[in-house]
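Construct all of the structure, not just a fragment, from the sequences and the given hints.
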Amino acid sequence: MVAHLLKLKLLLLRNSLRRSTWQLVGVILGGLYGLGLLGLVVAGLVTLGALDLELVRTVVVLGGSAAVLGWLVIPLVVSGVDMTLDPARFVTFAVPMRQLMTGLALGGVIGIPGLVTLIALLTLAVTWIRHPVAALAAIVCAAGAILLCVVGSRLITTAGAALASSRRFKDLSSTVAIIPLVLLGPIFAGITAGFQNSPGFAGELAHILAWTPLGVFLAVPADLAVGEWPTALARFAIGVGTICVMAFLWQKSLSHALVTPPHNAVTRKGAGDLGLFSRFPASPTGAVAARALTYWMRDPRYAASVILVPLLPILLWFISGESGDLSLLNYLGPITAFLLAWSISADISYDNTAFWIHLSAGLSGKADRAGRALALMVFATPVVLVFTVVPLIVSGSLADLPMMLGLSAGALLTGAGFSSVLSARYTYNVPLPGESPFKTPPGTGFSMLAIQFIGWVVLAVLLLPELGFAIAYLVTGNAVFGWLTLLTGLVLGAGALIGGIRLGGAWYDKRGPELLQAVSVNK
Amino acid sequence: MTSQPVSSPAPAPEPQKQKQSASADAAAGRPALALRGLAKRFGDKIAVNGIDLDVPTGSFYGLVGPNGAGKTTTLSMATGLLRPDYGQAWVNGVDVWQNPLEAKRLMGILPDGVRLFDRLTGEQLVTYAGLLRGMDRDEVAERVADLLKALDLADDAGTLVVDYSAGMTKKIALASALVHAPRLLVLDEPFESVDPVSAANIRDILTTYVRSGGTVIVSSHVMDLVQRMCDHVAVIAAGTVLAAGTVDAVRGDASLEDRFVELVGGRNTAEGLSWLRTS
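Chains as they are written, first to last, in this note's numbering: chain A, 1 to 523; chain B, 524 to 802.
Don't take every hint at face value.
[Said to hold, decoys possible] Derived list of chain A stretches under chain B, where covered just means 3 residues or more per stretch with a C-beta under 8 Å from a C-beta of chain B: (1) 286–298; (2) 388–394; (3) 472–481; (4) 515–521.
[Unchecked claim] Derived Cβ-Cβ restraints for the label pairs, each shown as a range: (5) A:G270 / B:Y609: 30 to 36 Å; (6) A:L490 / B:N724: 54 to 60 Å; (7) A:A450 / B:A761: 36 to 42 Å; (8) A:A3 / B:Y609: 44 to 50 Å; (9) B:S797 / A:L12: 33 to 39 Å.
[What the hints assert, rightly or not] Sample of chain B residues facing chain A (criterion: CB under 10 Å; computed from the structure): (10) S599; (11) L605; (12) L624; (13) R628; (14) V637; (15) L643; (16) E646; (17) L648; (18) A652; (19) R656; (20) A668; (21) L676; (22) T682.
Please keep in mind that the hints were generated in silico from the structure rather than gathered at the bench. Each residue gets a CB set at the ideal place from its N, CA and C atoms; glycine is no exception.
Listed below in structure tokens is the structure:
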């Protein structure tokens, strides 16, 4: 039975690659990236062995604890990272609990993250090769650590599944999850600063972590290397104890999950509230705009980008704080405009097959494109205006306002026009409706990156007139160039938006059924 | 309008591209939906292999066939959702692939196995379907209220469609197909996972609709339902039409189910699975 579960996992992995060549290319690239990373880690660990014992211990414990923490936390943030062996799917099969658990645990190791972690852990034996006992212990502890990771992450997914079956919770968690992810850079910078300010910090942290389940298995070989047998045994016992407790809890929640089908408590609500549909004009374009704007608020995949907007200043402030030059923050408006305009470039991919209702209604391409652009403009315009004006007031450079407004208007309008063309022509795999914004089918990264990269280059070329005048203004300081930027931004931008809606609409009219076919591949 | 009881080679199509009223269509004997030589291939698999079909105006037409027979593919091609490799489709004489916008105005469709904009409430979704077709606000509001009531969805009108049960989702999709009062309704598996009471309500709605001059095409694999509900039927298997005509002509003396099994074949005699016998 255990072998069956493992075979199932491999089969699922293989079949998911068969669906498209691009996915395969993506997985190979992802695999290469993982391999490269692994190579670096392995090389680092091998050379580490020659260094001072205390340093080796600190590095290994800190790095290992981070990896274990990752295994525990990532499933929490990213719901459904790997649900190929989702316990809920085994509800109808009478698989003995012990075998199911063993199979699921081992299945967790198969896959790029599991294998990379395992190999890195096993390399520790080489790190400790100068102390044979420690090297031997490292192998045993590698098994212990990977077991801890897998059982821990399975426990968290299973326990979380009960919560996650509520749609509201899932929507909320996957929307909010973007906050820590985006602020990852600043958070890391804070930790790095902590290390830099007090040299003993790392050592102390490692000492503490070595007594927590996160670090015990990594500290054991270090203890043995200096001959501290009792400490090593105590730590090992903590580790094994943790695994046992987690396995017990996992079994409890698994047997609960197996008899509790997912349910969703819904409060019924009668008619009468049309929301945005009663605010937009009662035309096809207005309806599309109302629908798109409703999705910006209700669909986590869009809502995550909305939440991102207030974080942008923090992020930019942080980036420019690194170099000590805050002038980048002045460009908050144009950057936000660029990103927001780009965010509708995959709109039809996001619709997925729900797009049929547009097709069957005989909606004209122009109305579809215009509606989506209108929804974007409704909330992007005030945001971009505020983001353009406020930084300039704060930094006391209001004289730059015409130039900056020109850049913002150009980026927003031209970008929206360009996105309108792009989303009518290209579809790519995006998270499906109802899924976490972070969950992308394997291998989507590459084709998506290719389209995005080329798209950004083309958009930059389209913005050349505005950029040219802006640079001329910055070099000469002549206010005329600032006003010229504003003029070109508004005129060319409006032209690009109208042209984009026309061209995108024409393509859409011609290729509607093909678009529906393309998005229905990804389901 | 009578149609051929068996799958004889279809006569050449008689496309007439000017618009006429429903009664004029019936009088002219022009079918509500005419398919000629529709074919579609997906990779190596030929999903639909040259289908000819005439659906008379004012008929309640059943499309039956085993799983994978090409029903959904045929209906998708007939309704402008999937571009055929070969062949043509006319709705009231309007070529679906030459004048898609005009043809789609005449049709209301309920596809199977596709998503809905399910982050809208039920009421919003049907309103959306109406507004997309350019109807005015008051008319949409009135019809949405009527439809929600007729389909027992009034109490859940403000609930998001994503939180609906499978049967409720079917019903709200059906409401979206009806809101613009189409002349032809194409429903792919409309009764799947719909409860018996709602199914009876839907049947009543459809029967009234047909009596008032509308045309309905339903695909199903519930033969009993088709035999009771429809006046015409076509049996499709392996991407071709095996038999088409009035229900009585197709089934002859047998029940539709027996006739279907006879046409399609593939019945196993109950010899196997001897271990399943409990005594």
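Here is how each hint holds up against the structure:
| no. | hint | verdict |
| --- | --- | --- |
| 1 | 286–298 | holds (count 8) |
| 2 | 388–394 | violated (count 0) |
| 3 | 472–481 | violated (count 0) |
| 4 | 515–521 | holds (count 3) |
| 5 | A:G270 / B:Y609: 30 to 36 Å | violated, 49 Å |
| 6 | A:L490 / B:N724: 54 to 60 Å | holds, 55 Å |
| 7 | A:A450 / B:A761: 36 to 42 Å | holds, 40 Å |
| 8 | A:A3 / B:Y609: 44 to 50 Å | holds, 48 Å |
| 9 | B:S797 / A:L12: 33 to 39 Å | holds, 34 Å |
| 10 | S599 | holds, 8 Å |
| 11 | L605 | holds, 6 Å |
| 12 | L624 | holds, 4 Å |
| 13 | R628 | holds, 6 Å |
| 14 | V637 | holds, 4 Å |
| 15 | L643 | holds, 6 Å |
| 16 | E646 | holds, 5 Å |
| 17 | L648 | holds, 8 Å |
| 18 | A652 | holds, 6 Å |
| 19 | R656 | holds, 5 Å |
| 20 | A668 | holds, 7 Å |
| 21 | L676 | holds, 9 Å |
| 22 | T682 | holds, 5 Å |
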